[in-house]
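Novice: Single-letter residue listing:
There are 2 protein chains.
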Amino acid sequence: MVNVVVTGGAGFLGSRLARVLLAAGSLAVAGGAARPLSRVTLIDRVPVPPDLAADRRVGVIHGELAGLLDPGAAGPGAGAGSPGAGAGGPGVRDALAGAEVIFHLAAAVSGECEADFDLGMRANLRSTEALLAACRALGTRPVVVFASSLAVFGASAEHPLPAVVDDHTLPNPQTSYGTQKLIGERLLADYTRKGFLDGRAVRLMTVVVRPGRPNAAASGFLSSIIREPLNGQRATCPVSPDTEVALASPGKAIDALLCAAVSSSQTWGGRSAVTMPALTVTVADMAAALRRVAGPQADALIDWVPDPAVAAMVRTWPGRIRSDRAARMGLIPDQDFESVIRMHLAESSS
Amino acid sequence: MVNVVVTGGAGFLGSRLARVLLAAGSLAVAGGAARPLSRVTLIDRVPVPPDLAADRRVGVIHGELAGLLDPGAAGPGAGAGSPGAGAGGPGVRDALAGAEVIFHLAAAVSGECEADFDLGMRANLRSTEALLAACRALGTRPVVVFASSLAVFGASAEHPLPAVVDDHTLPNPQTSYGTQKLIGERLLADYTRKGFLDGRAVRLMTVVVRPGRPNAAASGFLSSIIREPLNGQRATCPVSPDTEVALASPGKAIDALLCAAVSSSQTWGGRSAVTMPALTVTVADMAAALRRVAGPQADALIDWVPDPAVAAMVRTWPGRIRSDRAARMGLIPDQDFESVIRMHLAESSS
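Protein sequence lines correspond, in order, to chains V and C. If you read the first sequence in this note's numbering, its first letter stands for residue 1, the second for the next number, and so on. If you read the second sequence in this note's numbering, its first letter stands for residue 1001, the second for the next number, and so on.
Just so you know, not all the hints are guaranteed correct.
[To be verified] If you anchor each label on the Cβ, the simulated ranges turn out as follows:
hint, chain 1, residue 1, chain 2, residue 2, range
1, V, Asn231, C, Arg1315, 54 to 62 Å
2, V, Asp51, C, Leu1119, 40 to 48 Å
3, V, Gly139, C, Pro1160, 27 to 35 Å
4, V, Gly139, C, Ala1023, 48 to 56 Å
By construction, these hints were calculated from the structure, which means they are not laboratory data. Cβ coordinates follow ideal geometry from the N, Cα and C atoms, glycine included.
Same shape as in the complex, but just chain V (with noise of 0.2 Å):
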């Protein structure tokens, strides 16, 4: 029997990853066999959606990840889930104990991190430094899927991106939340290192088309210049047409987080990170394939409204990437961008 965590259970990514792994009703760990899952535990802020807390093999465990792991320090600004601290409060420690594999979900978007420099930190980096310093307290030795991102990359003088970032690139962040992820795989293969547990970084591409409302990520617009135009609403593009962004759908992005989890220490291949595979469109591809899913009018909703800042951030994002570690392991790129449109629709009529 198997016991799973996920933080940010309840998000899009964590709940999507919760439905495939209650549907599957297995999970082979990390090159073992494929074993019942029997426990599947939600750990967020918000409330999960029904259809997850309704099945009887799902736990939830309501609050901030960083304040549930150091409930003694949880005041404002107070230092939560430092490293070193204990394995936190009684709930949040027995389905840590439990858990064979725990995927760190949990984050605060990029654009959240930029507004508001102490939500990112205690969101994004105490929350990664306390669940890390849990899981080596109870010395159960878990698998830990961290959910890194492709904003880890970034251009600066010294270190200008390549043309295509690829499994040789070394990560160079010009935000904060790329830099709050590259801390988070930085500790995680160091607490590999050393045996603490058996971390696998996977970096997550742009989410597209992330359904429901739009979030803070400053990457957000790449959802919402399709979503809301096939609602028949509206939307803005703050970067032009000829930008290029790397992409995937929620359905490659849920291979890339069970791959990590499934795979043998050799096939994972080391304790860096791996870059997931990426779909790589300009913006004017995708208002194109919108075109030819739903028709001119649909593309006629998108506002090209440029946000120097919003385009600024993007810019440092690479748009082209080769993951041949990621391939070897056979994970792929979406097809084409019609097909990642097509199937936002098949999922939001379901």
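Given chain V, work out where chain C should sit, using these hints.
Specialist: Frame of chain V, contents of chain C only:
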């Protein structure tokens, strides 16, 4: 009038830096005009040397940095020094509030961090997080010079070290110490980007010859094999004679730290860390220089006893450095290893 804080101010580099600052009597901060030095506050958990304690311009704050900065959480395993914490206890807060320049040198060394994971996380990671958070809370935007290390570089399967590490080489640490130093660099860069402070990270080389007793740095033998034979004592070299190492004398390390404090932002030239210049020698070269300076009886006191654990760690550090950015600021490596030994002898006898 300029006030300066030195964390780790009782240590070898910290006390030497304080002496240089006090002897100069003035400091030109970040490209400004030189102004008289009014106060140098040394923060350390060990007592400061008597000559510094006797200087009426010197203030001393005794304690461990992480605990001083977050006194409410100083218990074992507590959340000391978390980001978002306040500006620390009154003594530290007043010293930081009045400081235009903060040299952050306090750290546990590499060997200690490998042997005691908690110590490294507290002394290197949490103390740096807490110091940056305190500076931000004070709103005084000081120049913060952070002593990073060539240990941020390392070799892994996907990322072999280039033959020469230069300003375009990105870090890839393979030890806890290097990981913690890289995280410090990245947090400093992000705090600088956000305008919370003016951070300058300097990657120091292995400093040779360190006076006094051996310390727990994995690189400590590089001083021992010179210092002990000069005192007529045996010393053990745990790596093979052909091992290349990148070294700097204590004086050159101080030059680099001072350069970081006095350079204008334009001269400093970016938020990424500056790698200081290095003298590259093999350990055999070092022994030969010792023989030339002190005779074959000195050289004969080196016992060559390979220690695979130390050798493995040293191999992850780069031996060859090309520091164009540092060179543009006028920093130069030591001329040769004989002159490094002669400098040590001159200083030891004074």
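Novice: Take the hints in turn and mark each one as holding or not.
Specialist: Results of checking the hints against the structure:
Checked against the hint of 54 to 62 Å, the C-beta distance between V/Asn231 and C/Arg1315 comes to roughly 58 Å, which is consistent with it. Under the hint 40 to 48 Å, the C-beta atoms of V/Asp51 and C/Leu1119, about 47 Å apart, fit the expected range. Checking the proposed 27 to 35 Å range against V/Gly139 and C/Pro1160 shows it holds: the Cβ atoms sit about 34 Å from each other. A hinted range of 48 to 56 Å for the beta carbons of V/Gly139 and C/Ala1023 is consistent with their spacing of about 52 Å.
Hint compliance for this structure: no hint is broken.
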